[in-house]
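**Q** Start from chain Y and add chain A according to the hints.
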Amino acid sequence: MKPRFWICIILLALLASCAHGGGKPALTFNAAVPEGWREIPTDDAMMFMTKEGGYKQFVLIRERPLSEPFQFTKKTMQPGMLPEAAAEIVVNEILADSNVRNFSVTENRPARIAGNSGFRLAFIYTDADGFVFKTLYYGFIKGDTFYNIRYGATEEEYFQKDLKTFEKVFESFNLVAAK
Amino acid sequence: MAAPDCAKTNMRLPAGFSAAIAVCLCLGCSGPGTMVSASQGRGERLVQLLSFETRREQSAIVHRSTLYREPQLEQYLDRVVACLMPDDRTEGVAPQVVLISDPGQNAYSFPDGAIYIHTGLLAQLESEAELALLLAHELAHITRRHALRALAASPAEADETVFNRTLSDSLSWVPELTLQKEVADPSHEPVSPRRGLEQEADRVGLDMVIKANYDPYEALEIFEHLRRDNESGAGADRLAALLKTLTPANSAVGRLTDRNVFEKHLQNLLFEEGRLELRIGRWDEALRCARRLLRNTPTHARGHFLLGEILRQRNDAEDVPQALVHYFRAIDADPSLPEPHKAIGLIHLKKGQARLALGFFENALALAPHAPDNEYIRSYLTQCIITIEGEDL
Chain Y
1 MKPRFWICII LLALLASCAH GGGKPALTFN AAVPEGWREI PTDDAMMFMT KEGGYKQFVL
61 IRERPLSEPF QFTKKTMQPG MLPEAAAEIV VNEILADSNV RNFSVTENRP ARIAGNSGFR
121 LAFIYTDADG FVFKTLYYGF IKGDTFYNIR YGATEEEYFQ KDLKTFEKVF ESFNLVAAK
Chain A
1001 MAAPDCAKTN MRLPAGFSAA IAVCLCLGCS GPGTMVSASQ GRGERLVQLL SFETRREQSA
1061 IVHRSTLYRE PQLEQYLDRV VACLMPDDRT EGVAPQVVLI SDPGQNAYSF PDGAIYIHTG
1121 LLAQLESEAE LALLLAHELA HITRRHALRA LAASPAEADE TVFNRTLSDS LSWVPELTLQ
1181 KEVADPSHEP VSPRRGLEQE ADRVGLDMVI KANYDPYEAL EIFEHLRRDN ESGAGADRLA
1241 ALLKTLTPAN SAVGRLTDRN VFEKHLQNLL FEEGRLELRI GRWDEALRCA RRLLRNTPTH
1301 ARGHFLLGEI LRQRNDAEDV PQALVHYFRA IDADPSLPEP HKAIGLIHLK KGQARLALGF
1361 FENALALAPH APDNEYIRSY LTQCIITIEG EDL
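Which chain is which? The protein sequence lines are Y and A, in order.
Sequential numbering from 1 applies to the first sequence in our numbering.
Sequential numbering from 1001 applies to the second sequence in our numbering.
Everything labelled a hint here was simulated from the structure, so no lab data went into it.
Among the hints, erroneous ones may be present.
FRET-style restraints, in silico, Cβ to Cβ [said to hold, decoys possible]:
no.: 1; chain 1: Y; residue 1: Asp129; chain 2: A; residue 2: Leu1246; range: 48 to 58 Å
no.: 2; chain 1: A; residue 1: Pro1369; chain 2: Y; residue 2: Phe103; range: 24 to 34 Å
no.: 3; chain 1: A; residue 1: Pro1321; chain 2: Y; residue 2: Glu171; range: 53 to 63 Å
Calculated pairs, DSS-like style, for lysine-lysine (alpha carbon to alpha carbon, straight line, at most 30 Å) [as the list claims (entries may be wrong)]:
no.: 4; chain 1: Y; residue 1: Lys142; chain 2: Y; residue 2: Lys24
no.: 5; chain 1: Y; residue 1: Lys74; chain 2: Y; residue 2: Lys168
no.: 6; chain 1: Y; residue 1: Lys74; chain 2: A; residue 2: Lys1350
no.: 7; chain 1: Y; residue 1: Lys74; chain 2: Y; residue 2: Lys142
no.: 8; chain 1: Y; residue 1: Lys134; chain 2: Y; residue 2: Lys164
no.: 9; chain 1: Y; residue 1: Lys168; chain 2: Y; residue 2: Lys142
no.: 10; chain 1: A; residue 1: Lys1350; chain 2: Y; residue 2: Lys142
no.: 11; chain 1: Y; residue 1: Lys75; chain 2: A; residue 2: Lys1350
no.: 12; chain 1: Y; residue 1: Lys75; chain 2: Y; residue 2: Lys161
no.: 13; chain 1: Y; residue 1: Lys24; chain 2: Y; residue 2: Lys134
no.: 14; chain 1: Y; residue 1: Lys134; chain 2: Y; residue 2: Lys56
no.: 15; chain 1: A; residue 1: Lys1351; chain 2: Y; residue 2: Lys142
no.: 16; chain 1: Y; residue 1: Lys161; chain 2: Y; residue 2: Lys74
no.: 17; chain 1: Y; residue 1: Lys51; chain 2: Y; residue 2: Lys75
no.: 18; chain 1: Y; residue 1: Lys24; chain 2: Y; residue 2: Lys74
no.: 19; chain 1: A; residue 1: Lys1351; chain 2: Y; residue 2: Lys75
no.: 20; chain 1: A; residue 1: Lys1351; chain 2: Y; residue 2: Lys74
no.: 21; chain 1: A; residue 1: Lys1264; chain 2: A; residue 2: Lys1350
These figures come from a predicted structure and were not determined experimentally.
Ideal Cβ placement from N, Cα and C applies to all residues, glycine included.
Looking at chain Y on its own, in the form it has when it is part of the complex (with noise of 0.2 Å):
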């Protein structure tokens, strides 16, 4: 049995791709797939990578554009807009999922990410089919593009175990130009 929180996520990018019928866009960030590790490819504007499967734990790493509306509450993030607002965004598109529940949030400040000014979000939540996810979610906002940095596991067996490696993951992300 498959979490169907990150099968909606990893469907919706690969049919989003598939509707402009397009190839995978240009990323404009860069980040290292540690040694043990796979890139799942996907024509969507994000890395996903994994160890064990991307059930167990990943990284998923993504940008996309502020004008796109966020599924759920179809609210916006805007350009400048302060980290913590656009955190608040976050939070609150996750609370609306349905697919989510007993959603906490354990953390939440403001963080440097490749030198951007954005926001740290660790949380837990039960997907619907009741595994049970810790995430830390780093974000921030450059120009017209929100970029998102996650690392989840099902919570009591894996995060603590790929923390370290996730932790390098975070600190070779930099921004490049569209490669």
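**A** This is chain A only, laid out in the frame that chain Y set:
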């Protein structure tokens, strides 16, 4: 044809029961299924089925929902229920209202007496009489044993199929089948047991409201208020049918309820509902809750803060100046509230007015030294100081 207004919004049958009806409709003719003797203890098995479904559905509701708990409001709702309940109480039924924190407009009841109401629906009501009619409708479903009656009226084959399937399979797919069946086949509508029971619950409910000495015309305004969110406006048919049952004598006996008292009972709920609506970006609904709260409690500090937040976040033309007005009113009403100080600071910071912003951020920190968002406020303070130092150089 779509179901009537209230059938979709506030007066639908319990999901488990809908599921059973759906299976009767959809599977009754589909084949032999697992058959046992139709005559043997049918009534007992139906009661057992409903009891099982009631427990299962309520357990699922509690699992997937956030309950809204406010003891004073719950006591008030219990008092209204007690006022409405007929003397001949149904055995095994203990009416109890459970509130679910959900912006949706929905209410439903179970055979054991549990009535679930979404906060989004309660926030739409404008008088105790409207509330009484909503509760009375649900009580009518319960006291008239509508769930059992509908199931008993269904074909015996279907009952057996329902019974056997219910105990072994998930029924999560059934409500969709119900909907498809009723929508896709209008010929079912005139004879739909669900529709007939809804109409009876309307009539019996209105009668209960009148017997409890509420003004029926005031109670029927519920259709007006709920119709706001219903594009089809189909509730008008239902309202017309109920108005026909009233006699001139009805208007002479009822008492008009005190709307101020009702508003006071809803004060906290309106605030929470406004926050909920703001969170999901339904600006109009959020504004309606906040303005209604302030209309009845003009010095509600958190209400002014909420209204300020809605306006600041919506950020339409003239929203931000209006937000500032409400933040200052919040501070006037309760100077110890840190949130409006921070919000004013943010507005000034966004305008590049670092010197003005600084003092408000300092106030916010001083008023709540351990607030969870203090790291953000400190970062804003740093930003202000850097800007001011830059200006001074």
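**Q** For a quick check of understanding: which of the numbered hints are violated here, in increasing order?
**A** 3, 5, 12, 16, 17 and 21
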